[in-house]
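Asks: One letter stands for each residue in the lines below.
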Amino acid sequence: MSEQVKSQGPAAPAPRTPAGGARGLARLSGTTVRNLGLVVALLLLCLVGFLTGGERFASLTNLTIILSLASVIGVMSIGMTFVITTGGIDLSVGSVLGLTTVWASTLSTQTMAGQYGWIVMVMCALLVGLAAGLVNGVIIAFGNVVAFIATLAMLVAARGLAELIANRRTQIVDVPSFEGAFQGDLLGVPKIVWIFALVVVAGWFLLNRTTFGRRTVAIGGNPEAARLAGIKVKRHMMYVYGLAGLTVGIGGVMMLARTGAGSSTNGMLIELDVIAAVVVGGTLLAGGRGTIIGTVIGVLIFATLQNVFIINNLDSSVQQIAKGAIIVAAVLLQQRISAPSRSS
Amino acid sequence: MSEQVKSQGPAAPAPRTPAGGARGLARLSGTTVRNLGLVVALLLLCLVGFLTGGERFASLTNLTIILSLASVIGVMSIGMTFVITTGGIDLSVGSVLGLTTVWASTLSTQTMAGQYGWIVMVMCALLVGLAAGLVNGVIIAFGNVVAFIATLAMLVAARGLAELIANRRTQIVDVPSFEGAFQGDLLGVPKIVWIFALVVVAGWFLLNRTTFGRRTVAIGGNPEAARLAGIKVKRHMMYVYGLAGLTVGIGGVMMLARTGAGSSTNGMLIELDVIAAVVVGGTLLAGGRGTIIGTVIGVLIFATLQNVFIINNLDSSVQQIAKGAIIVAAVLLQQRISAPSRSS
Amino acid sequence: MVIEDQAAPLLQMQGIVKHFPGAKALDGVDLDVLPGEVHCLLGQNGAGKSTLIKVLAGAHQPTAGTIRLHGEEIRIAHPVAALEHGIATMYQELDVVDGLTVAENIYLGHELASAGFTQRRAVAARTRALMQRLGHPEIGPHREVGTLSAAGKQIVSMARALSRDARVIVMDEPSAVLDSGEVDNLFRVVDELTAQGIAIIYISHRLEEIRRIGDRITVIKDGVTVSRNLDVATTPTADLIKLMTGKSVEHAFPDRPGVPGDAETRLEVSGLSLAGVFHDVSLRVRAGEIVGLAGLVGSGRSEILETIYGARRSSSGTVTLDGVTLRPGSVSGAVGAGIGLAPEERKSQGLVLDEPVYRNITLSSFARIARAGWLDETAEKAAAAEQAAALDLRPPDVNRAIRTLSGGNQQKAMLARWLVHGCKVLLLDEPTRGVDVGARSEIYALVRRLADAGTAVLVVSSEIPEVLGLADRVLVVSDGQVVREGPADSISEHDVLDMVMEGSVA
Amino acid sequence: EPPAQENQTEAQAGAVSDNDEPGEKVVIGFSAPAADHGWMGAITTAAEAEAEKYEDVELRVAEGTNDVNVQISQIEGFIADGVDAIVLLPFDGAALTDVAMEAMEAGIPVINVDREFSDPFAARATVLGDNYGMGVSAGQYICEQLGDKPDAVVAEIAGIDSLPLTQDRSKGFADALDECGLDVDNRVAAEFTVQSGESVTANLLQAAPEIDAIWNHDDDQGVGVLQAIENAGRDEFFLVGGAGSANVMREIQEGDSVVQATVVYPSTQAADGVKLARMVAQEKNLSDLASSGVPRTIQLFAPVVTADNVEQYLPNAFES
Ligand SMILES: Nc1ncnc2c1ncn2[C@@H]1O[C@H](COP(=O)(O)OP(=O)(O)OP(=O)(O)O)[C@@H](O)[C@H]1O
Ligand SMILES: Nc1ncnc2c1ncn2[C@@H]1O[C@H](COP(=O)(O)OP(=O)(O)OP(=O)(O)O)[C@@H](O)[C@H]1O
Ligand SMILES: [Mg+2]
Ligand SMILES: [Mg+2]
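Chains as they are written, first to last, in this note's numbering: chain A, 276 to 619; chain B, 276 to 619; chain C, 157 to 662; chain D, 96 to 415.
Honestly, the hints are just simulated from the structure, not real lab data.
This structure is a prediction, so every number in the text was calculated from the model and none was measured.
Treat the hints with care, as some may be off.
[As the list claims (entries may be wrong)] Derived lysine-lysine pairs resembling DSS-like cross-links, with alpha carbons at most 25 Å apart:
#, chain 1, residue 1, chain 2, residue 2
1, B, K507, C, K309
2, C, K398, A, K507
3, C, K398, C, K180
4, A, K507, C, K537
Extracted from the complex, chain A is given alone in its bound form (with noise of 0.2 Å):
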């Protein structure tokens, strides 16, 4: 999996750049010009968007569903950075966010709910995420499992036992307070597209502005210099296992909001598409280097991509060659456009 700093490595060495007045670009030169890639991917998918779709497509209330749909994906996109970041991965967060709406919507949180208001659930979808991101940080940091095994081992527990509580049922969502709280708009926006935009700022903050994401990047970069350094590795870790469990519990709260509904197959194999966003967005898999903004980008590129597919009524397995085809291409487009900014 380290592949990427691996074939960076002999292929393209790390950027260097050089010492006096370049400084400035030299600085540009980093998340900024990778994400120009990406952003340019994005814009040439609208073209094609507009092109094809024309009004359908460029309006204020197809952007406004393109944005709806990004954001349950997006907030778990989210955790997901930081875990990728510390050179981890999450293989569970679909099965775990199926398991927050099962559990947040059984009959007897429901019926707190409806005595208590909505935050009975929230509170109960949150905690279930955090406990289950805390487990697998555990098992990772303290029991030395390879983050892929230990995340797929609560990929299946968490499904199954999800299937458990909800007894493979749907269960529908009937607390008038939590819909009102989370469904609909405010300000002509879906409340959850706002709830979306909340934790990116948050998620940017904590990895920019704070010392946790200043340990985060540490720890993907070179974790035995940061254990040397002071830092508590392990706990470290825990915690940021535990912060993706946390986004994935809001996520099951925005998707108990947007479908009205538990369910145990909620967020099936989701993981490959959130993983997928995030790296295609500039995070390394390798651990050492994390963008937020690059992690929405990603988000938005996969979620207009099907928009656009559904716009131009595609056939869902040439919708399929061709997603394969594009994120290829992106990526590829990606590397040729921040490649000539190395030299600047």
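Using the hints, position chains B, C and D with the ligands against chain A.
Replies: For chains B, C and D with the ligands alone, kept in the frame of chain A given last:
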């Protein structure tokens, strides 16, 4: 993803062994003892199987059933072992498996096979697998796209292509020569188990006794050193993915033999199982260490687990929870058993 | 001083230019090497030595310039081409594969094989012969290289160069991880090779080594050859340093002001043991004192430092700082109490290479820089820049990725980390490994300044002169035990060497 | 247990016979795809519930799987165990034909449920839903409603597109629409899950600004579909569901949503399979039939449920 290496870093510094006499023991402490932990896990599982299932578990027929089940995944795991040893990953094996079964069972292939014999279908499956693998390899090695993303794109695209070719129908194999060649038993053992065994032996020699294998390990362990030693790293990477594709092609033939039908849904979600078997078997996700024997034991653990569950008639949700717990337990057990050997 | 070319050069590199995206590493370098000579390549960190030899090895393609072998122009398009021309290289960054055995590493890329199958027996036999020749028969062919020490890996790297039928062997700082005994061994092999007419290109920052085995010297500075074919025997050290650095550097250790007798004990280690590595180590370091740990590679000095620091959990014994006993096995506890460590392997243990300099500097000081977990980047950069300026970090820009700094400057950044943190005890493990002469003197002066300001310093170094020159007091470690302790000026290099018995590098 | 017996007789109004009398003990192996959507979950739940009702039935349920290779192995396990009968809802009928044949040859009757084997002799009896017929029913209903509007916009929200059953449904739907000169203008495929239903529908509604009718293949994904419609505030069309979940039937009953009808695809097929397996193993006859022995093929009826007849179907609908 280089998690494994990293988390081992701080916890247990690189094993150093005293110079002179203990050399023999030091050798043993490598792969063998690591595998020992796995064997213990497998034996424990068998013990549980025997205690709960008695004769139904501990019979020759049941062994055959477990082995047949393990065969298709097993063959693909051998190819995956090479990929992961280079530090890469191949998420596309499942959907390429579907594609090979579809392509090898189209009407035209079957018609040709009716004329020229089963070799036509076999060659078709192998070539399709090989080609898909090479495409992965080229995109990864020469396009510098992270393996995770490149093969994810292939996963999506190959599934779409398979659907398109099969027109989403299941294609029934009706070529007597093919069925004769691959179905049924040979010396009391199903033919696909023989194929599995052959691939294992070939894989073991290839990894441990040939320059190809040594170079694969070298690239995974230190790609820059490999390049400086004169190894054509990119070309080799391409070959390794090609090899993985080839094993998928073999898996496709076995799948056709076992199910008698080609379908684009074949191999769905199998990729995670394959990767899990390889990693649980002890091949490092970060690259640089691969073990064929470990992979085989990993595959057997998963197949036996499945078998024990069925024999015990566990509720399928409970099965999943148990499966998650057992995966983690097996890895922890393996670590505890291998750990003392480090300091020996 | 300059020797005229008497014999026809074996190898000539002319006008080599190498541009990297964003950096000009070489800007016209000339080098001629005669058969059977040891040609030394000198230059500061970042002068372009490694880049030059990578061009020669086919690892980099030059932007311009010609390479001649026996007067004939050749093109070295890839590493294999260099090897085919008889140019073998031991790279500066250890280039072995941990997961393969000694034999497999040596024959990587030119495996003895028939039809793709490796001939294990033949390879093992040849490997044994090579190891015998290198004086290390204890390193068996089937040993996994990951289990060897850095010195052992260096020997494997050497064996690999020998396994090729080479006419020119390039050695890029081979002695950096070797102790004096090993260096002697290396030089014995070098002598053997040159006697056979093989040319050696030798790179090192240790001038005394150059004096011992070198024949001629080429000095490069900022990617340009500033002087060629200097005679080793006759060129004064001061001139060499001036050529390399462009200025005169006092190549001497700072004065020892002497620790006042009443200085309080800062760090006290008593009865510290780590099972299987070292045993019953007791030492104390007073405020303002520099204590050196001398010993052979593999004698366990790094482990002593790491155990004091909490990076390894001691099996018995205590560490006290200013009278307070530290919790064993807790790095964050030690850092919080005021201990800092500049680890042995800067790149793998000390730095987050892709992060900017300032973030590497502040990594241990969040407690004092951040408010409730919130970082003020401006204040953070200012704090880092202040220390960078105090240490004369070059370039002074703290926003650069630390990867782009030279080795000496990376080491200064490590020290800056602990200056920002304001630690009371500083543990230094091989503080000048791979650091050029100019930067070395600066680091020595800096360490002494710190001590003068009241910091207790514990230094490990494999260069015995360095320990003796820098420290106030020296402890000699052999086989995991302190065998002698005394003021640095009462011990001679010879004494130290006598005390540490011949050990194995494996 | 007596209480179970009572429930049983209540639910099965009509077909009362002495078939429910306990007979010799029967071990039935049951294997079905993963319960990754409501209908499939209901299948397994119903089969388990059915088995609970008989004290002479021991049901061995293999882990639901979408990997035919694993499912084959499960059947091999049942054969080795020597179960008395196997109820098999294959992930892919063709792929499990060979192993089913093996079971039959070993003397174990196989009851094939829902997805048909490629060889009729691989099963002793087959309980089939009617996927093609389901599409036809949905198409005919839409034709009835829109027959006079030749340029009406019809959209289809399919299930997992790679499954043959989805193709059958779509084909039936297209064929029926063709009869009245309509066609499918927009088609999207979801994954039988609430989540995917919601997301593709949100996009679909944007792609087609004016719709007259939608057929949604699966009522479980329909929960998401309806939510997306509500989120978008659209109601100019009517929606026909599929499979017939209790939720959707309640919506039809209430009559204040866009759902006008749903086409039943019985989720009790596997339960029927269990019943048949027991009868085959105990060599009983299907009551109310004159001929002896359990029939080879039973194709279940795929009726259209509307506000008019919803009371009749709601009690048997599955809670998704
Ligand atoms: N791959 C690369 N990309 C960009 N710049 C590089 C690369 N490799 C080296 N450089 C730059 O080229 C210059 C020369 O580096 P080089 O490693 O050759 O120095 P050196 O003389 O070997 O130093 P040291 O004594 O520290 O080993 C440095 O400024 C370095 O930053
Ligand atoms: N993880 C380990 N397990 C067992 N033995 C170890 C381990 N790490 C180190 N050793 C042993 O401890 C001893 C000291 O190691 P090390 O090479 O770090 O000493 P050193 O004196 O610091 O030498 P150097 O100059 O290389 O730093 C060696 O004998 C080494 O083999
Ligand atoms: Mg160098
Ligand atoms: Mg050391």
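Asks: Does each hint fit the structure? Answer for all of them.
Replies: Right, here's what the structure says about each hint:
1. B:K507 with C:K309: holds (23 Å)
2. C:K398 with A:K507: At roughly 45 Å apart (the allowed maximum being 25 Å), K507 (chain A) and K398 (chain C) break the hint.
3. C:K398 with C:K180: holds (22 Å)
4. A:K507 with C:K537: Measuring from Cα to Cα gives roughly 23 Å; hence the hint holds.
In the structure shown, a violation is registered for the earlier hint numbered 2 alone.
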